[in-house]
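K.L.:
Next come the chains, spelled out residue by residue.
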Amino acid sequence: NAGVTQTPKFQVLKTGQSMTLQCAQDMNHEYMSWYRQDPGMGLRLIHYSVGAGITDQGEVPNGYNVSRSTTEDFPLRLLSAAPSQTSVYFCASSRQGDTEAFFGQGTRLTVV
Amino acid sequence: AQSVSQHNHHVILSEAASLELGCNYSYGGTVNLFWYVQYPGQHLQLLLKYFSGDPLVKGIKGFEAEFIKSKFSFNLRKPSVQWSDTAEYFCAVIAPRWANNLFFGTGTRLTVIP
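Protein chains in written order, with the numbering used here: chain A, 1 to 112; chain B, 1 to 114.
No lab work stands behind these hints, which were simulated from the structure alone.
Please read these numbers as outputs of a predicted model, since none were measured by experiment.
Just so you know, even glycine gets a beta-carbon here, dropped at the ideal spot from N, CA and C.
Honestly, I wouldn't trust all of these hints.
[Claimed, not checked] Okay, the calculated bits of chain B under chain A, using three or more residues with CB under 8 Å as the criterion:
hint, stretch
1, 17–26
2, 52–61
3, 69–79
[As the list claims (entries may be wrong)] Here are the computed lysine to aspartate or glutamate pairs in the EDC-like style, where the Cα-Cα straight-line distance is at most 20 Å:
hint, chain 1, residue 1, chain 2, residue 2
4, B, K49, B, E15
5, B, K58, A, D73
6, B, K61, A, E100
7, B, K49, A, E100
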């Protein structure tokens, strides 16, 4: 049982480049979400999904897009990377009605 | 607005010392509270959670937390820390406005000196 899998683990981008952070879970969880972790700021919610085809914005959605075409996958897209998006990104999933979230290993993104 | 405050940013303890990490929340409704731990280089793991019932909650690895509604607090405790408890600890509450996703505090880094 792999749980929540994120790829890549590390990424360096140039300003203006685009990329997609991948997140997959094999627990058949309805809820999936993306957080960013910055020093001194904890984890902040970027986007979330309560099921396939349904997404919504969290606390810091600007500069990011998401989609949820399947229950398993919830990719996060950076359309035009900016240095302010340098961060560690965590994907999480949980079962509807059970608010315990399971987290992936994280993606460390640096935008230069 | 909903918020979670962790006033201790960095705590340094010697092994066998007792630990208490503060967490205060502001939210007027029913709260579900969590403590997560992040060991160096790893992802977040659930330590314990409070939904209802006994306000003293026991979690993994000897951790416990007490929910005090009148003080809007959910402090994490451990009687005797070990070097392996060195990690960052996050308090979190459920955010109903975000379909019950988690709203995190800023975290407390714990360093345990052997």
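K.L.:
Would the hint linking K49/B and E15/B be met if the CA-CA limit is 20 Å?
P.N.:
The given pair, whose Cα atoms are some 25 Å apart, is violated under the 20 Å limit.
K.L.:
Taking beta carbons only, do three or more residues of the stretch 17–26 of chain B come closer than 8 Å to chain A?
P.N.:
Three-residue rule not met by the stretch 17–26 of chain B, so violated; n is 0.
K.L.:
Are there at least three residues in the stretch 69–79 of chain B whose beta carbon sits under 8 Å from a beta carbon of chain A?
P.N.:
violated (count 0)
K.L.:
Against the 20 Å threshold, does the CA-CA distance of K49/B and E100/A hold or violate the hint?
P.N.:
holds (8 Å)
K.L.:
Holds or violated: K61/B with E100/A, Cα cutoff 20 Å?
P.N.:
holds (18 Å)
K.L.:
Do the alpha carbons of K58/B and D73/A lie within 20 Å of each other, as the hint requires?
P.N.:
violated (33 Å)
K.L.:
Under 8 Å between beta-carbons, do enough residues of the stretch 52–61 of chain B, three at least, approach chain A for the coverage claim to hold?
P.N.:
violated (count 0)
In summary, the numbered hints that this structure violates are 1, 2, 3, 4 and 5.
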